[in-house]
Structure formats: structure tokens, C-alpha cells
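Number of protein chains: 2
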Amino acid sequence: MPYTIGLDYGTNSVRCLIVDVTNGDELGTAVYEYETGEAGIILDPADHNLARQNPADYLKGVEVAVKAAITEAKDAVKGFESNQIIGIGIDTTGSTPIPVDKNGTPLNMLDEFKDNPNAHAWLWKDHTGHAEAAEITVLAEKEHPEYLAKCGGTYSSEWFFSKILHCLRTDPKVFDAAYTWAEHADWLPAVLTGTQTPDRLKRCRCAAGHKAMFNDDWGGYPEEKFLSKLDPKLGKLRKTLSDRTYAVDQTAGQLTDKWAAKLDLPSSIPVAMGAFDAHLGAVGSGIAPGTLVKIIGTSTCDMLVWHGLPAREITAKMAVPHLADIPGICGIVDGSILPDYFGLEAGQSAVGDIFNWFVNYIQPGGPEAGSHEALTKKAAKLRPGQSGLLALDWNNGNRTVLVDQRLTGLLLGQTLHTRPEEIYRALIEATAFGALTIINRFEEYGVKVSQVINCGGIAEKNPLLMQIYADATGREMKISRSAQSCALGACIAGSVVAGKASGGHDSFADAQAAMCGIKDVTYKPIAENAEVYQQLYALYKQLHDAFGIQDFSGKLANVMKELLNIKDKSA
Amino acid sequence: MPYTIGLDYGTNSVRCLIVDVTNGDELGTAVYEYETGEAGIILDPADHNLARQNPADYLKGVEVAVKAAITEAKDAVKGFESNQIIGIGIDTTGSTPIPVDKNGTPLNMLDEFKDNPNAHAWLWKDHTGHAEAAEITVLAEKEHPEYLAKCGGTYSSEWFFSKILHCLRTDPKVFDAAYTWAEHADWLPAVLTGTQTPDRLKRCRCAAGHKAMFNDDWGGYPEEKFLSKLDPKLGKLRKTLSDRTYAVDQTAGQLTDKWAAKLDLPSSIPVAMGAFDAHLGAVGSGIAPGTLVKIIGTSTCDMLVWHGLPAREITAKMAVPHLADIPGICGIVDGSILPDYFGLEAGQSAVGDIFNWFVNYIQPGGPEAGSHEALTKKAAKLRPGQSGLLALDWNNGNRTVLVDQRLTGLLLGQTLHTRPEEIYRALIEATAFGALTIINRFEEYGVKVSQVINCGGIAEKNPLLMQIYADATGREMKISRSAQSCALGACIAGSVVAGKASGGHDSFADAQAAMCGIKDVTYKPIAENAEVYQQLYALYKQLHDAFGIQDFSGKLANVMKELLNIKDKSA
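Going down the list, the protein sequences come from chains D and F.
If you're matching positions, the first sequence starts at 1 in my numbering and goes up one per residue.
If you're matching positions, the second sequence starts at 1 in my numbering and goes up one per residue.
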């Protein structure tokens, strides 16, 4: 039987999963927790924006996790041998760029820089480059608004060029020593296949398109002239960024003999191009045209694919369907999720985080009475609309469709009798309405959502939330069968680059048909609940537009902003 | 030295206070807790709207409390004798009507009705007549909108005719047995002076004007024809309601020999007309033109007096200042607080109740961490605007200036880091902004507020709240010197009906000058805080108008209402 390996690099650990490509059965899995820093992250007590990782942990993780997963698979399935593994797929966090030298070696692996955090991997949630992000946004708005149009109108401090420019400004020694910068998702597959030298390094479509303003419409990465205006040295770096990027159906290369020996795997098996965890999570959950995959955790990532022509190939006279820019959708990238499809990425800035806030910070009634379990139990007994409460899910801003971090939460309808579980339920409902707003936005622009598949811890563990989502959206909520959707997506990529001839699959559609599934339990809308939620959603939308849209006639869009200005001034 | 007695009938007990009329010194005080029912209130577990009292408790209370207060005064002041008492004043809750027979005897004191709650006093907070209140409002809107214009546009279930009509509808035997109905504030002074028979009973201006649509502009109480449309029997009752009512500078009569003997007081001393507790509380706090008195407790009562001509004496050509109807002010009654002045009454439906809700129902962090003390301590360390939060103080509706019980609370600006003490402070600030809205409304209509004097438990015990009120309103907050402002107001009324010739005073102004004062500690606005609160108030007002005013361009006035409709339907 043919098997593939998926490596899923998360924020604190890497998981290895071994899957049967004929049916998706999960034979073995193992997790390696990164060793450096706190829970795998290098922090700076004096600067809460800083978050770095040690690329050496990534490499050690491959060895430890792959070996352990193979051992588990051997125990689980009689006759399993590691030489039956036909391909490898990899997903990582991102944007997590690493400064590398001419050999493709991360600078922190050189003696000179080994203790310098700037020479390490700049983890996705590092926000040290917030000033540089603002600078890039301002320049792009002025000179190349199209660069921002595909990523929601604002360049983030979490992204590639913000981090590199910040390094250039604050630690030029590291910047000068770096030949180029590679995303974690590019670098790891390159190392395993011996292609990590900058001249051979293949860069993945997903990271480039979503985080580095790469688009074939303007010839790839932003032009040198633009980058030079930020800093001439950044302009020079442009030459080290290739003009071509690759989707996950392409190989980074073949596993080197050295790594094959180290991992007890067949040498020369193909390693797929890397991608971000959410995107391969969508693949592992069965994403396809019309299928919205929602990864629900502290925040959400909502993904769709659309089969259309890239903008540059469309003329006004063509009668084929084509993809408009969808206002507020934060990423529209050709091939970023599945090859041959546009990947569309939306998200809610906080979902689980809002419930965590209520439980950890407000803690109504104390630790026991105010636990998730206790509140959920009581909230489940309430009927929709019964509390008279309505909330906006903006405690961490609004990523989609308003793309505005300076929005804040709202709770309305309290009386002298309002109970904590009513607020808890109102917060869940608010996130459900936020989810519906995203679905509606896609559909308003012609991207049909005919199925919703959820994955992530909250989707698996909270039936109340899933039922409310079904009732509020009027759609059946399905749950991805695998609890490891991201690693499974990586296994699927491994099976596609292996190909049918090697026992794998020739297309993602074939691989997903064989390897993905949904759980037996799904959540269907209950008509009477859905009817109430339709009424509540109309009110939610009224608040959403009044507080969220600058030129809305309600003229309340200033309120949250002015409060934040007052707050900032009082600091 | 001359002294007076003040009797202050509260919801659960009656207090007797003995005061030196030359300087306001409080010699003796005693409280009698009513015996009947729970904490003095007859309740019905099957009907939470029902709240009645036993008038016999009122009588026993006079005896017990007066005697105890005299004993205390004798102990406190050498040479004090009860024959030095020159007058009595009385305040009560209201509207608290009592069905009485031809002798002025409450029906529950007759054997036939002794166990019938409907034959007792209908306490102010009895809401059994809510349907009848709606019926009265509808009819008045149609036929006599002027009846409602002076009481905020809606006739309340707490008021005189709602209760009587409900009795008529649900217990006609009691209604038929009643010759008439007397307010507690009318009946008690009448009993002490032997004038309780309906032909001699004097009715007080305060209860009649604020709760029974009495106004000289239309000849007193509502016309018989109007009441007959509600029910012919109610129309007949109109004949038992006199056409004249009396302010607190008038006597109900002289203390009878029987009561003088019982209480060990000089016989024939004058007893002032009764009034509601809040109104005599305003008198005891030093109310005068330009002085706003705020009684701050679970809710607030905000009172002003205005010296102008009654509307019927004003013609368009007159150049004298006159009092307009002030939209949203819930009571404008000639002579209701001080004789010769219009009494203006406004209020916030919930103040202390909102903080109690947060502490008792939400209880952030549990009983200890979420106590008033703990939250106040932490909230006091915050700077204005620092939390980014803004709230509306509508958890129990809005009495002034929106006069709308179907408004609900709102909290805005929450992030993932918002702490309970920030919410607690935002709730205090919301009530401060509500207070400012009332002040502004008075001033917009020409009633100048040049001084604010506060009384009530919260004003005395919460310096943080008082400082926030000073900062938010930009005005100095003073506190009434006496902790018993209502009883002191009754003593003042007693001194005025006694008159200067008997050692009392000839006017309320003289009496207040001698007997009232403010505490040494006052709260002055801190300029930098006031500046931030001005900005926050502009945002508060924006939310207030958008959510509270039907025809406001913001068009959000439907939101709270529709939520309540959905809630009602889900019940």
C-alpha cells in the first residue's frame, strides 16, 4: 500500500502524519515541540512585538517526528514499512521569513550570528515591523494601489517586506549578511531536497501571493523601483527574488540521499512545494469550487477556490465568468490553495479569543461558574432571541469584510436581569453573524458557497457553536473528518507530486476524493431558530454598517475610532 | 428652643426625626420597621407585580417612632421636652393609594376585608395595573393629550388611576365598598388631625399633580367624562376627588387631643400637608431656584423649582419669563416641591441598580474580586478615556429625557484585553453622562442650573462616583449635610406651618437658610478630566440620539425595540 508523509509546522511544534493515500487512514502521528525559547518562541521581555524561532528546531523536528510517526505506524499496521512512503508534503506558519546566506544557510546557524534574534526566523506573529508596514502601505497606496488590492488594502506588520525592512533599518549587519530571505515554507522543502541555495530555491505561490504582493499581473514581486524607494538596499534584494513561484502540485525536488538515510525513507521520493498551514488545512478538509472551508480557532480562516481566468487574460468582451476584486476579502491569489484555481482567503480576527476573553478576563461568577463548560451548558438552554442581546464580534477588529483593526466590540440589549450565559451566547451568535457576513460577501460577488466544511478545535468540540452557526447562516455545518486537516493536506500534496504511476494521485480532486471526508455528525439549520436569526442578523447588519462603514448614512463610524483616539491620548 | 418632628415613610419603615428649627441640629431619630408581610410589604408569589401595605403599620409607626425619638432627644439634649415641639411634617412614598370608607377608614381595617390585599394600601411599586395604565395612556393620547404632557407622555402602572381601575376591574367588591381613595401622603396627616373623612380630607398637590393628572389649567383632576369612558364607576369616583389641592406650606389641620396624648406632644400643633419623600428630600437638601437636587440611589430623582406663571395666566404677548413644557421632563407641577414655584422632576431609571447588576449578576472574577469595593478601588486608578469603553445607562430604560422604558443597555469599545474594572467605571461614567443630559435639557429650556446638591446613599459613600460626576458635568458636586434629607424636609415643612410667631419660620427660604447645609467635602471638576469627558460625552450623545430618537437620521432607534420584540415573541 502507498503512503505519504505530511509535515505540519505550527507555532509551537511540528507534527508528522503518515496517511494511506488510498483511503486517508491515519497510521501514525508524532509531534516535536521546538526546543528554543518559550514554547519554541524566542521572546524579548522589553519588546512584546518580537517573536522569533530557531530554524535548527525545524530540522531537528523532521528527524524526531518522522521517526516517531514511522514507529507508531509500524505498531499500528501490520506490514507497514517506511519504504512504502511515496511522497512528502509540508505546511508551515507564515509569513515567517528567514535571512539566509549564499548557501541557503540561516544566518543564526553561523557562529557570528548565533545569539542574534534578528538572524533567526521571524515568526508570523512578530510585529516589530509595524512602522515599516505603515510605510509600505502609504507608498503602495500612492504609487501602486494594485499591490494592496489583492490583500485587503493594508500591508501588515506580520508580512515579508515589513520584517525585512525592519531588519534593514535596525540591524543592518544582519541585513547585509543575508544574501536573500526565504519563507519557512520555501526553505524547509528546499533543505530536504538539497535546493536551498538561492539560485535553486523555489518560492511558493501561497506565501509570495498572500504576504509579499507577488502577482503575475505585474510581473511577480513588486518592482525594484518601488522597493528602492523604501530603501535602495531593499531594491537590490529584489534581484534575489525569482520571477516565478510554484503551487503545491509542483515539487521542490527529490529527497536527498542524506535525508533519506537520516529518516529511513526511500531516497529520491518527491517533496511537494510548501504552503501555509491554513491553505493545506483547506485541502485536507476537502476544499473545491463551492466548498467553503472554515478553520475555527482563536480566529478563523475562511477559504474558497474559484476557477476563473487571471485578470490579465480577461478582456471586456469575453463572455467567460471572471473574478472581480471582492472588497474586503484579504487575499485573492492564483494557485495559492489549489493549482489552477484562485485561492480566496477571508477571516474573522477573533472567534475563540472572544470567548476566552469573556471567560479569562471577565470570569463571570468566578472560575467555576464562569468556565467555558458551565457557560456553554447554560447558554445551550436559551432560545434564539430570548436574551434580547446582540453583539458585534469586533473585540480584535474586523478582518473581513471591513478590514479595519481599529474596530472594537459592542454589546447591546442589557437589562438589570441579563445573565452571563446570555452574554456568552450573544458572543457566539455575533461570531456566527460575522461568518454569515463573509459568506454573503462572497456570494454577492458571484462566488457561490454551496457547502461549508469546518475544522479546528472549536468546530470539533463545541456542538452549541456549530448549531448556532447552522441556524444563523441557514446552512448545514459539516466537520472535516480528520482532526489533523493541515497535516492531511500536506499528505495529499505529497500524494499528488508522487503521481498515480507511483501509487499516488494525478490530481488534487482525485486525492481529496480518496483521502478526505466529513464526520457523520453534521449540524442542520433548525427552521424556527433560523427564522429568529434572520431577524437578528438584519439588526446585526444594521449595527455592522452603521459602526463599520465610514460613509454609511448612520454616521456612527466615527464612534469606535474616536474612542480609540481618546484612549491613545490618555496613555 | 423650638423643635419640629418629621415623619418619613419609606418603603420598608418609617423614620421619625426631631430637629432644632434654629439650626437644623438633629436631636433624636428612630425607625419603625413595618410588621406586615415581608419587610413591610404584602407580596403574592403568584404575581410579582403585587405590592401592598397595611395602613395599620403606618399608625403604629407614628407611635413607636415618635416616642423613641423623643426619648433619644431627651438623652441627647439637656432640657429638651416634647412640649417644645411646635409642628409636624410628613412625607411618604407614592403613588400609594388606599381605599377608604365614608369614615376615612382603610377598608382592610374592616373585618370584612381584613385579609384582602386589594383593601390595603397599594404601594408605589405595585405594577398590577399595567394593562389599565396602557388603557389610560391610549385614551388620554386620543382625547386629552394635555393630561400626559406634564407627566412625560405615558401614564404609569405605578400611578393612582391605574391602580384604582385595576381594582375596579378585578375586585369590584372592594371598589364598590370604597367611598373614595386617599394617597398615603393625604391620609396620614388627615388621621393625625382628625380630618380623614372624605368631606374634610385635603389632598396634596404633589401626589395629585405628579400621579393623578391634576392641574388647575383644566380644573383639577381629569374630567368625569374622561374617567367614565374608562369605566362609568370611575367617572362617579371623580365626584369624591376635591377640586382643590394643597402645597406643603398649608396645614392638614391640628394634632388632635387623642393623638397628642398618645404621642406625649402638645395638642393642636399644626401638621403640614404631606408630600412625596423625594420632594421633601429636595427641600431638606436646600432646593431653591437654580439648585438642582439629585437623590442618588438605585435610581435617581432630579429636582428643580422654577418661579414662573402658570400656563393659563400667560399670553403670547407677555414679556415675563414663563415655563415651557420641557420635552422628556416627567413632571412639571405648580407647587409640588415648594409653594409658589413649579416643581420639576426628572430622573434616571437606574443608577445604583446598574452597578448592582454588574456586581450581583455578572460578578466578574467571583464574589470577592467582583465586589463594589474591589471594583471601585481598581476603577479609581484608571484615567478618563483610558479604557476605550463607552456605555449607555439604559439597563432599566430611560426616564429622562427619552421617557422610554423599552430602551436597553449598551457597552461599546471592548477589546480582548478589557477588564471588569474598566466596564465598572464605564457604567459609572454612563450614569454621569445621563445626569448631564438631564441638566442640559433643563438649561436648553431656560431653567438654569447654577448649583448641584446630591443626597442619598451613593452620593454620600462613593467619592469616585461623585468625582466622575463633577468631571463629566463640569460642575461642582455638593452633598446635602443631613443623611436624612427627606425627614429633614418634613421637619422644615413642620416649622413653616408653625410659623415664626410660634418659633418656626414664615417661609421655606427662611427655614432652609436656618436648617439646611452642605457637607464640607465637595467635588470640583478636574480640568484635564473634564476635557476628556467632554469628548466622551459628545460620543455618548451621538449614541443616545441614534439609539433613542425615532426620527434621528442615524436610524438606529429601531434596534433595541426590535430586539425586545424578538425577545417577547421567544418567551
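Since the hints were derived computationally from the structure, they do not count as laboratory data.
Any given hint could be a false lead.
Because identical chains share one entry, a pair is satisfied inside a single copy or across any pair of copies.
[As the list claims (entries may be wrong)] Dumping the calculated BS3-like pairs for lysine-lysine here, alpha-carbon to alpha-carbon at most 27 Å:
#1 Lys448 - Lys541
#2 Lys74 - Lys569
#3 Lys378 - Lys461
#4 Lys236 - Lys102
#5 Lys173 - Lys102
#6 Lys524 - Lys225
#7 Lys569 - Lys378
Notebook entry, point to check: How would you label the pair lysine 236, lysine 102 (within, between, both, or neither) given a Cα cut-off of 27 Å?
Noted result: Intra 15 Å, inter 105 Å, cutoff 27 Å: intra-copy only.
Next item on the list: Could you place lysine 173 and lysine 102 in one of the four classes (within, between, both, neither) given a Cα distance threshold of 27 Å?
Entry: within (15 Å within a copy, 103 Å between copies)
Margin query: Regarding lysine 524 and lysine 225, is the shortest C-alpha distance of 27 Å or less found within a copy, between copies, in both, or in neither?
Written below: Intra 53 Å, inter 60 Å, cutoff 27 Å: neither.
Checklist line | Identical-chain pair category, lysine 569 with lysine 378, by Cα at 27 Å | finding: Between copies only: 20 Å across, 40 Å inside.
Next item on the list: Give the relationship of lysine 74 and lysine 569 under a CA distance limit of 27 Å: within one copy only, between copies only, both, or neither.
Entry: This pair counts as neither: shortest intra-copy Cα distance 62 Å, inter-copy 60 Å.
Item checked: Intra/inter-copy verdict for lysine 448 and lysine 541 if alpha-carbon distance must be at most 27 Å -> Answer is within; shortest intra-copy Cα gap is 20 Å, inter-copy 42 Å.
Notebook entry, point to check: What label fits lysine 378 with lysine 461 when the C-alpha limit is 27 Å: within, between, both, or neither?
Noted result: Within one copy only: 16 Å inside, 36 Å across.
Hints 2, 6 from the list above are not met by this structure, while the remaining hints are.
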